[in-house]
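J.: Hey, can you work out the whole structure from these sequences and the hints?
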Amino acid sequence: LELVQSRGIPPEDIIYSGVCKQVSQIKYAAKNGIDLLICDNEAELRKIARSHPNAKLLLQVSSETSYQDEMSMAFGCSLKDCRHLLESAKELGVQVVGVSTYDDDVYIHAISDARCVFDMGEDIGFNMKILDIGGVCSNMLFQIKNAVMAMVELYFPPSSGVSLIAEPGSYFVSSAFTLAVNIISRENSLPLSTDDPSPNDEPAFKYYLSEGVYGPFAGKLAETLITAPSVHKITTLDAPVFCSTLWGPSGDDMDQIVEHCLLPELNVGDWLLFTNAGAYSLGQPVCTEPHDSLTPPVFYVICSREFEMQGNGVTQETTLKNLIPYFLNSCQTAAAFSVPA
Numbered sequence: 621l622e623l624v625q626s627r628g629i630p631p632e633d634i635i636y637s638g639v640c641k642q643v644s645q646i647k648y649a650a651k652n653g654i655d656l657l658i659c660d661n662e663a664e665l666r667k668i669a670r671s672h673p674n675a676k677l678l679l680q681v682s683s684e685t686s687y688q689d690e691m692s693m694a695f696g697c698s699l700k701d702c703r704h705l706l707e708s709a710k711e712l713g714v715q716v717v718g719v720s721t722y723d724d725d726v727y728i729h730a731i732s733d734a735r736c737v738f739d740m741g742e743d744i745g746f747n748m749k750i751l752d753i754g755g756v757c758s759n760m761l762f763q764i765k766n767a768v769m770a771m772v773e774l775y776f777p778p779s780s781g782v783s784l785i786a787e788p789g790s791y792f793v794s795s796a797f798t799l800a801v802n803i804i805s806r807e808n809s810l811p812l813s814t815d816d817p818s819p820n821d822e823p824a825f826k827y828y829l830s831e832g833v834y835g836p837f838a839g840k841l842a843e844t845l846i847t848a849p850s851v852h853k854i855t856t857l858d859a860p861v862f863c864s865t866l867w868g869p870s871g872d873d874m875d876q877i878v879e880h881c882l883l884p885e886l887n888v889g890d891w892l893l894f895t896n897a898g899a900y901s902l903g904q905p906v907c908t909e910p911h912d913s914l915t916p917p918v919f920y921v922i923c924s925r926e927f928e929m930q931g932n933g934v935t936q937e938t939t940l941k942n943l944i945p946y947f948l949n950s951c952q953t954a955a956a957f958s959v960p961a
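Adding 620 to a residue's 1-based position in the sequence shown gives its number in my numbering.
No lab work stands behind these hints, which were simulated from the structure alone.
Here are the simulated DSS-like pairs of lysine-lysine, each with C-alpha atoms no more than 25 Å apart in a straight line:
#1 700 / 667
#2 667 / 651
#3 651 / 710
Please read these numbers as outputs of a predicted model, since none were measured by experiment.
T.: Set out below in structure tokens:
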């Protein structure tokens, strides 16, 4: 919260989204005028009522489509528990102003559930006016935006006066970075002399990489999908590919980056590139043991044509928006990728 405020963000534009907050953190929010908080359980509700009675709550709802989904929910209250929480908030004198949902896989279901919660809240006497739809499935933002907006317009038309909040932060930062890792070891599951591609789905090669889930791939621990990498060396189009698994350097059973992917045969020292690596990957390593992982160095890359334009005084702020279509193909072909020695 201090970091966000130090960037000049007014408190009324801040949503304190953690559903498990310390009392000291709630008091800090109250002292600094940060009133929008997210809540999903009665214990949290009572803490907020004691420490921040002027808070305006968004009820975080998780949309389960089966009994198994309900039992596996980590955050968010189920639809059937919402009325009890709303009634408890009313008794405690805490104001509920809307709903927050973060269910990337069931957005359509989540928006209809949010409408039900809005109706419950309005029946109890709350002024429900904010719908926070979270990250909007950031990795598929444009593919699903039409479906999401159609549901929003159906259940929350402009005449309802509801404010819609989306948080596609990871969408914007993911594509800004490409992660380069090198192979530090490998194991063979096939005879070394074979020239045939893998005959089945069993991994043919097991590669150990210089980074793992205790570093830039920490998102894998939160079940974030890690896509297959590209190979940073020249290969022929007809080169055979083999089933492969990718592991981090720790030797831990949890340190598996990609379970199965098809790659040409690679050697120690070869580099792999993971695109869309800008979200949740540049912070301090989760753990520096047992291999003393350090944060990877960052290299800024720009295509030569755009670099020349900026050198001649053509800035991104003034004309680059008009030049993006022109530069798109040239940037893809002219840009070079730098990796540490």
